[in-house]
Amino acid sequence: MKTSHLAFQETSRRQLVKHAIALPVAGLPLLGLSHQQKSWAAQSGDLITLRVADGQEPNSIDPHQGTGPFGIVIYSMFETLVAVTEELEPVPGLATGWQIEDDSLTWTFHLKEGVTFHDGSPFTSESVKGSFDRILNTDIHIRKGSFSIIEEVIAEAPYVVKFRTTSPYSELPAFLGERSAAIINPVIAENLGPEEFSVRPVGAGTGPFRLVEWVPNDHITMDRFDDYHNDRAAVDQVIVRFVPEASSREAMILAGEVDVAMSPSPQGLESLRNTGDISVVVYNTVTSVTSELEVASPPFNQREVRQALNYAIDSQGIISSIMADIGTETTTPGPVGLWGTANFEPYTYDPTKARELLVSAGYPDGFDCSLRYVSGRWAGDDQVAQAIQAYWSQIGVRLTLQQVDLATQIEMGNRPSEETPGWTSLQTRGSSSVGYHLDRLFHSNSALPATGYKNDEVDQLLDAARSSFDEDERLALYEAAQEVIWEDAPFVWPFSVQGTLAHRNNISGLVILPNLDVLLHNVSIS
Amino acid sequence: MTGFIVRRILAMIPLLIIVSIFVFSIMQLAGGNAALVIGGTDATQEELAQITERYGLNRPMHEQYRTWLTNAVQGDLGQSLLTRRPVTEEIRTRILPTAELAFTAMAIALLVGVLMGIMSARRPNSLIDNICMLFSFIGVAMPVFGIGLALIYFLGVHLGWLPTGGAGGLRYLVLPAITLSVSSIAILARMTRSSTLDVIRHDYVRTARAKGLAEGPVFRGHVLRNGLIPVITVVGLEFGSLLSGAVITETVFSRPGIGRLLVEGIRSRDYPVVQGVLLLLAVVCVTVNLIVDIVYMLVDPRIQGVG
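Residue numbers (our numbering), protein chains in the order written: chain A, 1 to 526; chain B, 1 to 307.
None of these hints come from the bench; they were simulated from the model. A hint or two may mislead.
[To be verified] These stretches of chain B come out as covered by chain A in the derived footprint (C-beta under 8 Å, 3 or more residues):
# : region
1 : 75 to 85
2 : 88 to 97
3 : 161 to 173
4 : 213 to 221
5 : 241 to 254
[Stated by the list, open to error] SDA-like cross-link-like pairs, simulated, lysine to any residue; straight-line CA separation at most 20 Å:
#  : chain 1 : residue 1 : chain 2 : residue 2
6  : A       : K112      : A       : E156
7  : A       : K162      : B       : Q50
8  : A       : K353      : A       : Q383
9  : A       : K129      : A       : G97
10 : A       : K144      : B       : I21
11 : A       : K112      : A       : L136
12 : A       : K129      : A       : E87
13 : A       : K129      : A       : K162
14 : A       : K454      : A       : E304
15 : A       : K144      : B       : H158
16 : A       : K112      : A       : I140
17 : A       : K144      : B       : R225
18 : A       : K144      : B       : T52
19 : A       : K144      : B       : E53
20 : A       : K162      : A       : L136
21 : A       : K353      : A       : V404
22 : A       : K454      : B       : G169
23 : B       : K211      : B       : R225
24 : A       : K129      : A       : D119
25 : A       : K144      : A       : D119
26 : A       : K129      : A       : I140
Where a beta carbon is used, it is the ideal one built from N, C-alpha and C, also for glycine.
Build the full structure now, drawing on both the sequences and the hints.
Following this line, the structure appears as C-alpha cells:
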C-alpha cells in the first residue's frame, strides 16, 4: 500500500521551499544550543502573571459583536447562563437550573444569586433581559439570525428569567452556552456604545478575569476579579500576546518570554519537547476534514460507491506522512469528541474491499470525478487533496483536482446538487453542538451548501430530536441519526483535526475545549 | 524651483487616482467572501445575506469605488469590516511603530551601506572589498523572514540578549530594524561602490590628483560629492521596499504596525483596511520620491528645472 505515498510526497516546489526554510530554522535549537531561561517580559512586582502567545486575535472582545477566534479571552471575562464541560455538555453556569414548561416553548431559568459584574453592580434577571434585548433588538449581533428562535425574554423575578421560543427547541440550553450568548452588563454596553464596547468592555463581564487593556495587534491584559462568584483564579494577571507566526511563538516560549504558546507548528514540536521544561499538548478538536460528495446524481448517488471511496483512503498514512502525526482517524459524522457525538467503526483502509464495492455498484473500471478545494486554508490541504487523488486512483477512480477561491467554493456549494454531478469538495467541518452540526450538514432542509443529501430516516430522527425534551431520548435519537449517516457515507472522512499547544512545565490546570476556547479558571503557576 | 515643485505635486494627482483605482479593484478581484469573514464559518446562509446587505457588499463595484474615493478625499477611509472601527483610527494607532521601524532601518542602512560602499571603492578588490561585496550578495539574496527568524533564534532564544518580538522600548526595535535594513544595506553598498568607482575614473579626479591634492580631500571633495548623487535616488526607491519589508518584519516580530495591519486585513478580506493601508503606502512612496527629486536638485545644480 505504501507505494501510493510516493505520489503525494512529490510536494510542490513552494512546499519544498517552505520546508527547506522551516526545517533548518526549527532545527537550530537542536544544534547543541542551550536554552537560557532569561525572561524579558517584565515581572511586575510579585504578581503571578500567565503569559500566552496566541496566533489569532479576536476581531472584537464584545461577545455579541465578535466572531472570534476568541481563544483565551472571552470565557475568562464573560460567562453564559449555561456553562459547558470539557465535552461541551451544558451544565449550570450563571443559571443554577432550568426547566421546560408543558407548552414545549417556555423555559424557566433560575439565576445564581450573589453574582456581581466587574464594575460591582449585581447580576439579576434584568441583566439577562438586557443582554438578550441587545442581541435580538439591535443590529449589533453578527449572528442575530440564529437567535431568531428566541421570541421573547421575560425577567419574571429578580432571579427568574423566562425564555419563549418560536418553535419547540430542545437544544436551547446548549445554544445559550455559546459564547455569543454571553451575559454582559447592559448598562455599560448602553453607555459606551457598540464601537467602544467592542474594544474596551471594561467592567461588563462576570468572569474570573477582568479586562485591563487591549492593544490591537499586540496584547490583551486581564486582571484577576477578586469578587468572582466561584473559586478565585490562582494567577493574578494574564497577558495574551498576539503573534501571527508559529515560529515566532516557538521562539518566545523557548526564550522564556511566554509560558504558553498556542498552535506551534508541527515541525517545531520536536525541538520544543527536547528542551525538557516545555510540554507539548496535542488535543482533539470538534473539526473533521471532509470530502463532501454531490450525492443526488451518479456516480455518488450509490451508497456502495461512497463507502468504497471511504475504504480507499488510508487515514493513518495521511496523518503520519502529511499531518506530522497531528490528527486522528474519523469515527463519527458528528463533531468529534462532543457530548452527544456517537462513535462508530472507522472505514479502515481496505482497497480490496473498496474495489469489490465499486464492482457491485457497477463501476468495475472506476469513473471520473472532480474535487474542488481552496488551497492554503489549513496546513497540508494541498497534500491531502493530492493524497485523496492518489488513493482513489488505486481503485480506478480518476479524480481531477481543482483549486478554487473561497467565493467560488461557496457559490458552487450553493448550487443545486444536480448541476454539479461528479463533484466533491474538500471542507473542514465542526461546531460546538451536535444538533446544530447534524441539522446543518445532513438535514435535507438545511440552509447550508447542499450536497443534495436527503435521507427521510435522518430527517425524521433529527426532527424528533429537536423537539424531544427528554435528554436521554434526545441523545438516543441523535445517535441513531449518526449511525444512519455513517453507514450512508454522504461524505468521505479523511481524518479529524487535532490542535497543539506548548506550555512550560510549571503551568498546570489549563483546560482546552474542543472548540479551541481555553479556560483559565484553574490555571496555576508553581 | 517653486514651479518645478508645484508641477511635480500636480503630477501626483493623476498618479494617485490611478493608484487608488488599482488599490480598490485589486481586493475586489482577488475574490473571497467578506460576508463569510464577518459572519464566521458557522453563519447560516440567511445570516450571510443579512451581512452582505448591511455592508453593501452586493453593490456594483464602480458605485462602491465612487463612495469610497469621495470619503477618502475627506479623510474618511471607512470602517473595518472586522473590527468595525474607523480605518483611519486603526492606521493612526499603528503608524508610530512602523515609522520608528522604517526610519531606524533607513538610518542603519544609510550609515552601514554607504560606509561599506566607500570602503570597498577606496580599495577595489582588496580583502575588505571582497568581504563587503560577499555580504551584500548574501543580503540581497536572503529573504527578510529568513534573516528575522535566524536573528530571533540566535540573539533572542540562544543568547537571550534581546526580546524576540513585540513593541516597546529601543530594545524591541533592534532585531526588526537590523532585519529590515539588511537588504537595503546590501543595495546601498553596491550602489555606492559602483558609482564612486565610476567617478574615480573621471578626468577631473585625475586632474585633482595631478595638481597635488592629498587623497583624502580628493575623495571627499571630488569623488563623494559626485559619487553619492545616484545613491540618493536609490534611497528613495529603498524607502518603498522598506515599507513592503515592514509587512513581513512586523509579522515575524509581531509588532503592531501598518504592515501587520495590512497582512491581517488581507488574510481576513477586510477590504476597507487593505485599501486604506495601500493608499497610505502609495501616498508615502510618491511623497518620498518627490522629496528625493527636490534633494537631488539641491545637491546637483545641473538638474535644475528639468522634469
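#### Entry: Hint check, failures only
Per hint list: 4, 7, 8, 10, 11, 12, 15, 16, 17, 21, 22, 25 violated.
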